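Visitor: The residues making up each chain are set out below.
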Amino acid sequence: MTKTWKELPEGGLITESGNAHQYETGDWRNLRPVHDQEKCINCLFCWIYCPDSAIIIKDGKVVGVDYAHCKGCGICARECPEKVKAIKMVDESECE
Amino acid sequence: MSTKELVARTGNEAMAEAMRQINPDVVAAYPITPATEIVQLFSSFVADGLVDTEFVTVESEHSAMSACVGASAAGARVMTGTSSQGLILMAEILYIAAGVRCPIILAEVNRALSSPINIHCDHSDTMSVRDSGWIQIFSENSQEAYDNMIQAVRIGEHMDVRLPVMVTTDGFIISHGLEAISMLEDKEVQDFIGPYKAAYSLLDVGKPITVGALDFTDFYFEHRRQTAQAMENGKKVILEVGREFGEKFGRSYGFFEGYKLEDAEIALVMLGSTAGTARVAVDKLREAGVKCGLLKLRVFRPFPAVELAEALKHLKAIAVMDRSDSLSTAGGPLFTEVRSALYDLPSRPAMVNYIYGLGGRDITVADLEGIYQELQRISGGGQIQKTLQYLGVRE
Chain L
1 MTKTWKELPE GGLITESGNA HQYETGDWRN LRPVHDQEKC INCLFCWIYC
51 PDSAIIIKDG KVVGVDYAHC KGCGICAREC PEKVKAIKMV DESECE
Chain R
1 MSTKELVART GNEAMAEAMR QINPDVVAAY PITPATEIVQ LFSSFVADGL
51 VDTEFVTVES EHSAMSACVG ASAAGARVMT GTSSQGLILM AEILYIAAGV
101 RCPIILAEVN RALSSPINIH CDHSDTMSVR DSGWIQIFSE NSQEAYDNMI
151 QAVRIGEHMD VRLPVMVTTD GFIISHGLEA ISMLEDKEVQ DFIGPYKAAY
201 SLLDVGKPIT VGALDFTDFY FEHRRQTAQA MENGKKVILE VGREFGEKFG
251 RSYGFFEGYK LEDAEIALVM LGSTAGTARV AVDKLREAGV KCGLLKLRVF
301 RPFPAVELAE ALKHLKAIAV MDRSDSLSTA GGPLFTEVRS ALYDLPSRPA
351 MVNYIYGLGG RDITVADLEG IYQELQRISG GGQIQKTLQY LGVRE
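Sequence lines, in order, name chains L and R.
The first sequence: position 34 = 34 (my numbering), numbered continuously.
The second sequence: position 338 = 338 (my numbering), numbered continuously.
No lab work stands behind these hints: they were computed from the structure.
It should be emphasised that the depicted structure is a prediction, and the values quoted were computed from it without experimental measurement.
Please note that the accuracy of each hint is not assured.
[Stated by the list, open to error] Below, in silico cross-link-like pairs of lysine to aspartate or glutamate (DMTMM-like), each with a Cα-Cα straight-line distance of 25 Å or less:
#, chain 1, residue 1, chain 2, residue 2
1, R, Lys316, R, Glu369
2, R, Lys207, L, Glu7
3, L, Lys6, R, Asp218
4, R, Lys291, R, Glu262
The task is simple: from the sequences and hints, build the whole structure.
Guide: Shown next, in the form of structure tokens:
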């Protein structure tokens with residue numbers, strides 16, 4: 001169970017660093033970035049511009065999106081180069 | 001300076017001297033009548049090297065309180081002073097200071113709120129932030145203002161409390177009234193307050209923290225509940241500190257002070273400087289055989305409801321004196337809370353409410369004698385004609 005008022009740090013204090021990953025914000029999303037591995041040239045613009053840390057990189061390559069934290073802002077799709085356009089924003093209602 | 005020696009100090013001077021002796025790490029302040037002198041005098045203490053304080057000049061009270069919160073979150077002992085419009089400009093950050101549990105001390109001089117613009121005393125400003133999570137202590141005179149400032153440090157910084165504290169005086173009546181007060185030695189003040197040990201610090205890079213993070217439906221309620229508990233814990237601490245102050249320096253403090261209250265049949269309940277005037281009225285009427293008394297409330301937040309009911313239960317009739325109007329049409333803020341506190345008594349005193357002294361309108365001994373006479377009529381079985389009355393307004 002989530003901590004009671006007696007167990008939580010006082011005053012809404014967060015007493016450790018780097019714990020934002022524990023707070024899942026993916027359910028705020030209306031539009032989902034869908035990454036096309038075939039088209040991607042791995043320029044990593046999406047990774048650079050993502051205001052969260054939702055672009056997953058492995059061995060210098062984009063391998064997907066962290067949907068537990070991506071809020072669907074669409075900046076990755078916008079910054080993906082004109083000639084590539086490997087990220088498409090899809091309405092969540094059309095996704096599984 | 002010995003504890004026995006009397007010196008002449010206005011309320012503002014007394015508060016500034018207390019701040020000098022407390023020697024806080026940071027003061028961030030913006031001037032406003034009638035509180036200007038407090039921080040003006042304090043800035044001269046800084047300039048003269050009498051304190052070690054970092055004095056932050058800012059462009060508004062909103063910024064003053066914001067700087068105070070930042071400094072407090074960094075682990076500093078922090079103080080400021082303001083009044084009236086300045087206090088309500090701070091209002092947004094007052095709530096934040098309490099919410100993030102910063103034990104900031106605020107010297108607040110009670111003054112009316114605009115509009116119409118007015119620089120004189122009433123309690124509208126302090127009452128307007130009564131729900132902000134600040135402990136609120138009222139003073140009757142310069143001596144109490146001085147003593148309350150020193151106690152406020154211990155109360156706010158207590159580990160079971162960790163809440164900001166505002167100590168109030170009445171604008172001009174106390175703030176600019178010259179009175180004989182007894183001051184402690186600098187060392188006595190330092191020994192009494194002790195060093196400040198912050199529970200955390202934003203500047204501690206070895207132990208990084210976040211202050212003021214977002215709370216949604218899943219946590220906000222729990223954090224408000226914590227603040228309510230801190231207020232509850234404050235009640236015990238206020239009494240402990242008031243008792244210890246008395247043992248050490250000869251002036252004890254509680255939630256309130258009764259005057260000829262034990263055997264009284266009728267009484268007034270009030271905050272601040274009017275209590276001095278009311279004592280004279282009580283003495284005069286007592287000489288004429290009237291069993292009248294007075295309860296001067298010192299601590300408005302937390303509100304000592306149970307203790308007030310116990311102290312007032314034997315009375316036949318009470319008049320609650322409000323120096324501000326909530327404009328609810330059902331009585332001033334002090335009245336509604338005092339009346340509510342007495343609701344569970346098996347037999348309740350009759351109660352009436354007087355709104356008085358708005359915008360600094362004088363209140364006299366004769367005014368208060370008149371109220372005691374009305375209470376005599378009511379306690380003798382007379383009907384209450386009007387529960388809420390405006391005392392001294394031209395009809």
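Visitor: If a hint holds in the structure, say so; if it does not, say that too.
Guide: Hints, one by one, checked against the model:
{"no.": "1", "hint": "R:Lys316 <-> R:Glu369", "verdict": "holds (17 Å)"}
{"no.": "2", "hint": "R:Lys207 <-> L:Glu7", "verdict": "holds (20 Å)"}
{"no.": "3", "hint": "L:Lys6 <-> R:Asp218", "verdict": "holds (15 Å)"}
{"no.": "4", "hint": "R:Lys291 <-> R:Glu262", "verdict": "holds (10 Å)"}
In summary, the structure agrees with every hint in the numbered list given earlier.
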